[in-house]
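These are the residues of each chain, in order.
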Amino acid sequence: MVDEVVLLDLWASMFGMRVRIALAEKGVKYEYMEDDWRNKSDLLLKMNPLHKKVPVLIHNGKPVCESLIIVQYIDEVWKDKSPLLPSDPYQRAQARFWADFVDNKVYGVSRRVWATKGEEQEAAKQEFFEIFKILEGELGDKPYFGGETFGFVDIALVTFYSWFYVYETFGKFSIEAECPTIIAWAKRCMQKESVAKTLPDQKKVLESLLSS
Amino acid sequence: MGEELKLHGAWISPFVYRVIWALKLKGVPYEYIEEDLSNKSPLLLKYNPVHKKVPALVHAGKPICESMIIVEYIEETWPQYPLLPIDPYERAMARFWVKFAEEKGDAVWALFRTSGEEQEKAMKGTLEMLKTIEEHSPDAKKFFGGDKIGIVDIAFGAIGYWLGVVEELLGVALFEAHAFPRLHAWLKNFTEAPKIKENLPGRDELVVFVRSWRAERLLASQN
Chain A
1 MVDEVVLLDL WASMFGMRVR IALAEKGVKY EYMEDDWRNK SDLLLKMNPL
51 HKKVPVLIHN GKPVCESLII VQYIDEVWKD KSPLLPSDPY QRAQARFWAD
101 FVDNKVYGVS RRVWATKGEE QEAAKQEFFE IFKILEGELG DKPYFGGETF
151 GFVDIALVTF YSWFYVYETF GKFSIEAECP TIIAWAKRCM QKESVAKTLP
201 DQKKVLESLL SS
Chain B
1 MGEELKLHGA WISPFVYRVI WALKLKGVPY EYIEEDLSNK SPLLLKYNPV
51 HKKVPALVHA GKPICESMII VEYIEETWPQ YPLLPIDPYE RAMARFWVKF
101 AEEKGDAVWA LFRTSGEEQE KAMKGTLEML KTIEEHSPDA KKFFGGDKIG
151 IVDIAFGAIG YWLGVVEELL GVALFEAHAF PRLHAWLKNF TEAPKIKENL
201 PGRDELVVFV RSWRAERLLA SQN
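First to last, the protein sequences are chains A and B. Residue numbers for the first sequence follow UniProt numbering, so the first one is 1 and each next one is one higher. Residue numbers for the second sequence follow UniProt numbering, so the first one is 1 and each next one is one higher.
The reader is advised that the hints may include incorrect statements.
From the derived model, a few chain A residues whose C-beta atoms are all more than 12 Å from chain B [stated by the list, open to error]:
1. GLY27
2. TYR32
3. LEU43
4. LYS62
5. ILE74
6. TRP78
7. LYS105
8. ILE183
9. LYS197
10. GLN202
Straight-line distance between alpha carbons at most 20 Å, and here's what the computed SDA-like set of lysine to any residue pairs gives [unchecked claim]:
11. LYS81(A) to GLU4(A)
12. LYS52(B) to ILE131(A)
13. LYS79(A) to LYS52(B)
14. LYS62(A) to GLU90(B)
15. LYS52(A) to LYS52(B)
16. LYS52(A) to ASP87(B)
17. LYS81(A) to ASP87(B)
18. LYS29(A) to PRO88(B)
Since the hints were derived computationally from the structure, they do not count as laboratory data. The structure displayed is predicted, hence computed values, not measured ones. Here a beta-carbon is modelled for each residue, glycine too, at the ideal position from N, C-alpha and C.
One chain only, chain B, in its complex shape (with noise of 0.2 Å):
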């Protein structure tokens, strides 16, 4: 398919970098916009006029949102490398987990902007979060996908991978390896495989950036 493709994101969005993995993984050829996320782009704006976010993908003018739908339309769009099961039943339990890291991955994303008690429940759930999927996790040297990566990976991979950065960020342990062997040993094997180590962004850029973030998000609640 030779029609343009254009990612709308932002280097510090987990969210972006879903979708940007799902590209790559499959080598499909693409245009990378950075957005200001506080000075966001007519165009961003004309393309995800709902939720006014990151990422935005653009195919041949026509835009898609949400990363792990873009996620499934890139499965669907450009079928190597395919990042779901052929089986029905293997495809609703992908979806599933897909759904899970969506919903209990917002303790996550809670921890890098709440503070007392509301940054505690994050903590708390983060943590439930966790216990949750080392039970389900893959076994060693595999994926959540099986021999290859696959949509769970994704969707887990970037919770996974700003789960370190926060950690960093505010001083805390939450994903030790001795609490969660199975799921630490994935995250490495995840994040060292070729096409995703080329992909992360730099975590020490990262935490200086939520870092300066933090603190004025704070700075201004208190004003």
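Next up, chain A with everything else stripped away, as it sits in the complex (with noise of 0.2 Å):
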């Protein structure tokens, strides 16, 4: 039986990248399906009727969603190739840890960053770099945050590195300046085939901000 994976996304998407990702790790074909997020299509509503949020991952007609679920969905089920998560259980628990972080600390204060101005926006700027210290922290001196390879987390993270731009221009600072290594890392993952084709061009997805 052939497999039909289809991917429900938005080009700048950072949790639709996750699965991006994922898949040309694993060097899944699937069929790429851009919605409009000003009027989202009857098959994301059908596919996701909860939330109506990409990504949504149709794998031989049957929808999977929330994009860290997709990534293990996609590590179980094509996991002949390029382990996305460790095998021992313990550093496993490390990874959903983490990706967990990400995904309730990252996204929250960056969008805060961009989307507020006055004291709130320099609350966001100061929550943001303590946040990306504690993952500095965690990543440490390892190249990847899984340790050699590339995993879970970098997965988790590398996404928002290409809306870095973003917040950079609306906070008016540097995140290089603050968090070298938190750079150093995510250059280290575009060398990365699966990274580099996907992440879009950080001053494309500041443009597409500002004509929206």
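Join the two chains into one complex using the hints; note that each chain is given alone, in its own frame.
The following block contains the structure:
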């Protein structure tokens, strides 16, 4: 049976990018369908009725929602190549913990950095760096969050790198100045084909935001 | 596995109970350490430096944090009494509902500590969450996990039981049997299951504790 894999997504979604990286790492062929955030498609509303959000992976007609859940699903289905999660249960728990941390902390604060002004923005900027400093601490001097190989936490976080220019422009700060280790890590990830081919150009993301 | 297993918890915490249920269902022995949440032990802060919260499961000296992540760790380490299906799609569905419980469950926790407009919002959120889960509730006598308790039952079970506590505390009826018949039947089934029934904090004791905790908080926020 030939696998039918469809991805409902938005090109600038850092959540969708996670799925694209995972699929690329595994060499899975899929059909990419760009949705319209201003006018959600019938297919999206049918495949993700609860949250009505991308990304949605549709595998042989069955939808899987929530980016990190999709990445774990991809890892379990296409398990013969490029493992995305470690095999040891303790390492897996650590990977899930940090990916969870990224989900709960990074998205919210990043949004506030570019979407708010004044005092609220200043507070967001401070929190942004506190969170990234914690992440830098966890990375330490490892090449990737998972250690020697690119994995689950790297996938969870690196997609935000495509939005860094947005945060820096609106927040009027330099992420490299405060968190050089994070930038070095992101650039290391960008040397991987799956990441380089997935992440849109940072300037393109800013332009798109400004023109929307 | 004969390695040391310790659970740092607090008897009032729904998140801690999720871990207890997973361990009890699998028959895994562990040492329980009660934490005073108003005076957290240096050990807890060492094991959970990022969130400084219970539960923290420590296996052979290595800590795992966040209740549902701990439950997945327990599942992967002790395979007896499986809490997750084998099929990857079914697993993804189970994880989806666990995430739903984590996100929407916040409305229930907010009921404990908020008042006024914020609390109204939390009540609305709670009802919306219940409506959604009701639609996806299992058939009579079954669990979200099928014939046996699974990871989704554990995730929702904590929310369901503690919702009863906050209803009594506030004198409101949110989770009414006539509005949510299937979910009501499921919760009754869940809380009467042998390994769960023996491992629930007393509801009256919880109400007493939360009542005084809430009064203290409101007083503190007024000063």
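**Prompt:** Was ILE74(A) rightly flagged as not at the interface, with every chain B Cβ beyond 12 Å?
**Reply:** violated (9 Å)
**20 Å limit on alpha-carbon distance, applied to hinted pair LYS52(B) and ILE131(A)** = holds (15 Å)
**Asked** Can we trust that LYS197(A) is non-interface, i.e. its beta-carbon lies farther than 12 Å from all of chain B?
**Response** Holds, because the least Cβ-Cβ distance between LYS197(A) and chain B comes to about 25 Å, which exceeds 12 Å.
**Request:** Mind checking the alpha carbons of LYS52(A) and LYS52(B) for me, to see if they're no more than 20 Å apart?
**Result:** Violated, at roughly 34 Å.
**Item:** Distance restraint between LYS62(A) and GLU90(B), which requires alpha-carbon spacing of 20 Å or less
**Value:** holds (11 Å)
**Asked** Far enough from chain B: is every CB of that chain over 12 Å from the CB of LYS62(A)?
**Response** violated (6 Å)
**Asked** Regarding the assertion that GLN202(A) does not contact chain B, is the least Cβ-Cβ distance greater than 12 Å?
**Response** holds (28 Å)
**Asked** Given the hint that LYS79(A) pairs with LYS52(B), does the C-alpha gap stay at or below 20 Å?
**Response** Roughly 35 Å between the alpha carbons, so the hint for LYS79(A) and LYS52(B) is violated.
**Request:** Over 12 Å to the closest beta carbon of chain B is the bar; see if LEU43(A) clears it.
**Result:** With a cut-off of 12 Å, LEU43(A) remains clear of chain B, as the shortest Cβ separation is near 18 Å.
**Request:** Would you mind confirming whether the straight-line C-alpha gap from LYS81(A) to GLU4(A) stays at or under 20 Å?
**Result:** Holds, at about 19 Å.
**Request:** Would you check whether the claim that TRP78(A) is not at the interface survives, using Cβ distances to chain B and the 12 Å cut-off?
**Result:** violated (10 Å)
**Prompt:** Just checking, LYS105(A) versus chain B, shortest CB gap more than 12 Å?
**Reply:** violated (9 Å)
When held up to the earlier numbered hints, the structure conflicts with 4, 5, 6, 7, 13, 15 and 16 and fits the remainder.
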